[in-house]
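Novice: Given the sequences, and given the hints that come with them, work out the whole structure.
Protein chains in written order, with the numbering used here: chain X, 35 to 317; chain Y, 4 to 396.
Since the hints were made in silico from the structure, they are not lab data.
One or more of the hints may lead you astray.
[As the list claims (entries may be wrong)] No farther apart than 20 Å at their CA atoms in a straight line, the calculated lysine to aspartate or glutamate pairs in the DMTMM-like style are these:
#, chain 1, residue 1, chain 2, residue 2
1, Y, Lys293, Y, Glu330
2, Y, Lys22, X, Glu165
3, Y, Lys22, X, Asp200
4, X, Lys98, Y, Asp209
5, X, Lys181, X, Glu197
6, X, Lys295, X, Glu244
7, X, Lys252, Y, Glu256
8, Y, Lys227, X, Asp167
9, X, Lys60, X, Asp107
10, Y, Lys60, X, Asp200
11, X, Lys66, Y, Asp385
12, X, Lys94, Y, Glu207
13, X, Lys60, X, Asp167
14, Y, Lys32, X, Asp48
15, Y, Lys16, X, Glu197
16, X, Lys181, X, Glu141
17, X, Lys66, Y, Asp54
18, X, Lys216, X, Asp262
19, Y, Lys227, X, Asp107
20, X, Lys153, Y, Asp54
21, X, Lys253, Y, Asp385
22, X, Lys66, X, Asp215
23, X, Lys94, X, Asp161
24, X, Lys60, X, Glu165
25, Y, Lys369, Y, Glu346
26, X, Lys231, X, Glu259
27, Y, Lys293, Y, Glu334
28, X, Lys94, X, Glu105
29, X, Lys60, Y, Glu29
30, X, Lys98, Y, Glu207
31, Y, Lys227, X, Asp114
32, Y, Lys16, X, Asp200
33, X, Lys60, X, Glu90
34, Y, Lys22, X, Asp167
35, X, Lys252, Y, Glu257
36, Y, Lys60, X, Asp48
[As the list claims (entries may be wrong)] Interface residues of chain X toward chain Y, partial, derived using beta-carbon atoms under 10 Å:
#, residue
37, Ala52
38, Leu59
39, Arg61
40, Leu63
Ideal placement from N, C-alpha and C gives every residue a C-beta, glycine not left out.
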Amino acid sequence: MLFTGTKSYVATPDLMTAVNAAIALKRPLLVKGEPGTGKTVLAREVAASLGRPLIEWHVKSTTKAQHGLYEYDAVARLRDGQLGDERVRDIRNYISRGKLWEVFAAEETCVLLIDEIDKADIEFPNDLLLELDRMEFHVYETRETVKAKNRPIVFITSNNEKELPDAFLRRCFFHYIRFPDKETMERIIDVHFPDIKKALVREALTVFYELREVPGLKKKPSTSELLDWLKLLMVEDLPPDALKAKDAKSLIPPLHGALLKNEQDVHLFERLAFLARRESRGD
Amino acid sequence: MFTDFFLKLRDAKVPVTLKEHLTLIEGLKAGVCDWSVESFYYLSRATLVKDEAHLDKFDRVFGEVFKGIESLSPEALLAAIPEEWLKKLTERFLTEEEKRQIQSLGGWEKLMETLRERLAEQKGRHQGGSKWIGTAGTSPFGAYGYNPEGIRIGQDQNRNNRAVKVWDKREFRNFDDKVELGTRNIKVALRKLRRFAREGAASELDLPDTIRSTAHNAGWLDVKMVPERHNAVKVLLFLDVGGSMDEHIKVCEELFSAVKSEFKHLEYFYFHNCPYEAMWKDNRRRWSEKTPTLQILRTYGPDYRAVFVGDATMSPYEIVQPGGSVEHFNEEAGQVWLQRVTEHFRRLIWLNPVEERRWNWTQSVKMIERLVGQRMFPLTLDGLDRGIRALSR
Ligand SMILES: Nc1ncnc2c1ncn2[C@@H]1O[C@H](COP(=O)(O)OP(=O)(O)OP(=O)(O)O)[C@@H](O)[C@H]1O
Ligand SMILES: [Mg+2]
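Specialist: The following block contains the structure:
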């Protein structure tokens, strides 16, 4: 079955090809892109559209590869030993399964999301190479080998905080989600708010894309911010014309909070000339 | 053509390996792409490129290699497409019965041959293609559901035109790490520096504290962990000011200051064109408050990593002649001082905002490059990357 996007997710043809390659060859797909470009939801959408269970592994700076396999709680066992607990005799009582084990043990093909892999230590991806390649690992404590019953479909996202090792990259497909162009963005808006007024979208997108062009913004608003903002505009039932304000000050209230999230950016925006440009264009 | 593509990518410094090349062929065999050039482009991109910095190079090479495909003869086209791919393509649309039919026709070889003839015919006719479409049941290819779109790689004007645009648009130009540092890629640069500063933090067992608190617990185990010691990278920046490079210097200064908290120590000094017997910390008071270079060398040990930033563009006299400086009388030549500094700081690089390809045009750049032991890098993401790597060694 081919992935072609879903009712709630717009996939461009290049993304579809990358996803389908990853599914067909059962190799991980590494997804990068600006924040809010739909990296994380992609795995959810693919899982939903293929009708596969999704297992999410969110990586933090302290996450180790081993956590994904299993953890052996030696300290608890020591404690139990001191307390004379019977449980202590069976080492399996102190082994807890990680996400990868869960995926490997599943009876059907799962979708595994390893979200924000770059948050972890630089050794993390290397430590997972073998496991992702062969889809198996060894549990030293019990001397058993855990093998995937079904090779999972693996999505890995990165925000580029760290570079990933070459050996790791060679095993993945790669897709960089480009910031959506206007046309794609309109489709994204459409799947989220099918009833939104077209005129409002038009005005909002003009403001949005010009805002993104503002040099020196600390944080460019992204898709998720645009969606939040549109929701606000809809709730407040602002007329599209409100976005055609002639001066930055009066445009700030409908923008603030949802699109520009820090004070500095708001100030910068106030000083902006782009509205002057809009004015001189005469729309 | 595939091999050619592969080699050209390598020439263009897209780091593709055989493994990826094989994955691509595997992908084709598995029928991942729908036999249009566009979809082949997407598949090969997802397979061969692993970093957005290389996407633009990839686009250029793709455009170059597959540009001529429209004018290729069907034979060349067929030769270019791995036979395996065609087989798979046919298989995908074949029923068991049809497969048997093929056998009776003379097997795959026969099929390929017929296919070749058909392609030649198709090319001969202006309205090529009609023989494929709507001939289901009469032509083996029609019957077997040979996707005419697929065979027409590069021949269907419409499709191709649309596809060509994708890579010719060069949408990833900005991601190329050869462009100079600016506001756009400064974030990436920052991350690179942070990584340089940190390089792994984890937790480890705090044995003394564990023993202490276990004892305190009357013998019940109480494990204590501590974060691993933070990386102790110390950096000394030497910035060339007062010239055409001020804008770049500023970028660089901001860059390092932004990650200041990540380094154990970060200090900077200014110089002009070439380091001499003194440098300064405050540009407004550069004439009144100087720090002797020897003092800098005494204060900051060889465990500091030295980063010079400057265009190294000056008259050679400023490097080799005592008294060669344009601003003051220097007793000893610039190169003597630079040598002292490079001898002191084992880990040292020189970042140059001037485009790398222009370095050869200026004698002084070559001289400085030699003086710093060839550790001069352009002030681009890629250069920063290489520089940091040199510093980490
Ligand atoms: N192509 C798309 N189709 C539909 N919705 C999208 C699309 N891209 C982004 N969105 C919406 O934008 C929001 C952000 O998506 P998501 O959290 O996946 O981004 P992300 O790339 O993972 O961001 P971050 O880097 O911050 O983790 C979601 O609410 C999602 O619904
Ligand atoms: Mg995310």
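Novice: Does each hint hold? Answer for all of them.
Specialist: Here's how the hints hold up against the structure:
1. Y:Lys293 - Y:Glu330: holds, 14 Å
2. Y:Lys22 - X:Glu165: The given pair, whose Cα atoms are some 18 Å apart, holds under the 20 Å limit.
3. Y:Lys22 - X:Asp200: holds, 12 Å
4. X:Lys98 - Y:Asp209: Judged against 20 Å, a Cα distance of about 19 Å means the pair holds.
5. X:Lys181 - X:Glu197: Not OK: Lys181 (chain X) and Glu197 (chain X) at ~29 Å, beyond 20 Å, violated.
6. X:Lys295 - X:Glu244: holds, 16 Å
7. X:Lys252 - Y:Glu256: Holds - the C-alpha atoms of Glu256 (chain Y) and Lys252 (chain X) are around 18 Å apart, at most 20 Å.
8. Y:Lys227 - X:Asp167: violated, 35 Å
9. X:Lys60 - X:Asp107: violated, 33 Å
10. Y:Lys60 - X:Asp200: Holds, at roughly 18 Å.
11. X:Lys66 - Y:Asp385: holds, 19 Å
12. X:Lys94 - Y:Glu207: holds, 17 Å
13. X:Lys60 - X:Asp167: holds, 10 Å
14. Y:Lys32 - X:Asp48: It holds: about 18 Å lies between the C-alpha atoms, which stays within 20 Å.
15. Y:Lys16 - X:Glu197: Satisfied, since the Cα-Cα distance of roughly 18 Å is no more than 20 Å.
16. X:Lys181 - X:Glu141: holds, 12 Å
17. X:Lys66 - Y:Asp54: holds, 9 Å
18. X:Lys216 - X:Asp262: Satisfied, since the Cα-Cα distance of roughly 17 Å is no more than 20 Å.
19. Y:Lys227 - X:Asp107: holds, 14 Å
20. X:Lys153 - Y:Asp54: holds, 17 Å
21. X:Lys253 - Y:Asp385: Measuring from Cα to Cα gives roughly 24 Å; hence the hint is violated.
22. X:Lys66 - X:Asp215: Answer holds: Lys66 (chain X) to Asp215 (chain X) is near 17 Å, not above 20 Å.
23. X:Lys94 - X:Asp161: holds, 15 Å
24. X:Lys60 - X:Glu165: holds, 13 Å
25. Y:Lys369 - Y:Glu346: holds, 19 Å
26. X:Lys231 - X:Glu259: holds, 18 Å
27. Y:Lys293 - Y:Glu334: The hint holds at about 16 Å.
28. X:Lys94 - X:Glu105: holds, 16 Å
29. X:Lys60 - Y:Glu29: holds, 11 Å
30. X:Lys98 - Y:Glu207: The hint holds at about 13 Å.
31. Y:Lys227 - X:Asp114: holds, 18 Å
32. Y:Lys16 - X:Asp200: holds, 14 Å
33. X:Lys60 - X:Glu90: holds, 17 Å
34. Y:Lys22 - X:Asp167: holds, 13 Å
35. X:Lys252 - Y:Glu257: holds, 14 Å
36. Y:Lys60 - X:Asp48: Between Lys60 (chain Y) and Asp48 (chain X) the Cα gap is close to 17 Å, so the pair holds against 20 Å.
37. Ala52: Holds, because the Cβ-Cβ distance from Ala52 (chain X) to chain Y comes to roughly 4 Å (cut-off 10 Å).
38. Leu59: Hint on Leu59 (chain X): holds, closest Cβ of chain Y at ~6 Å, below 10 Å.
39. Arg61: holds, 7 Å
40. Leu63: holds, 8 Å
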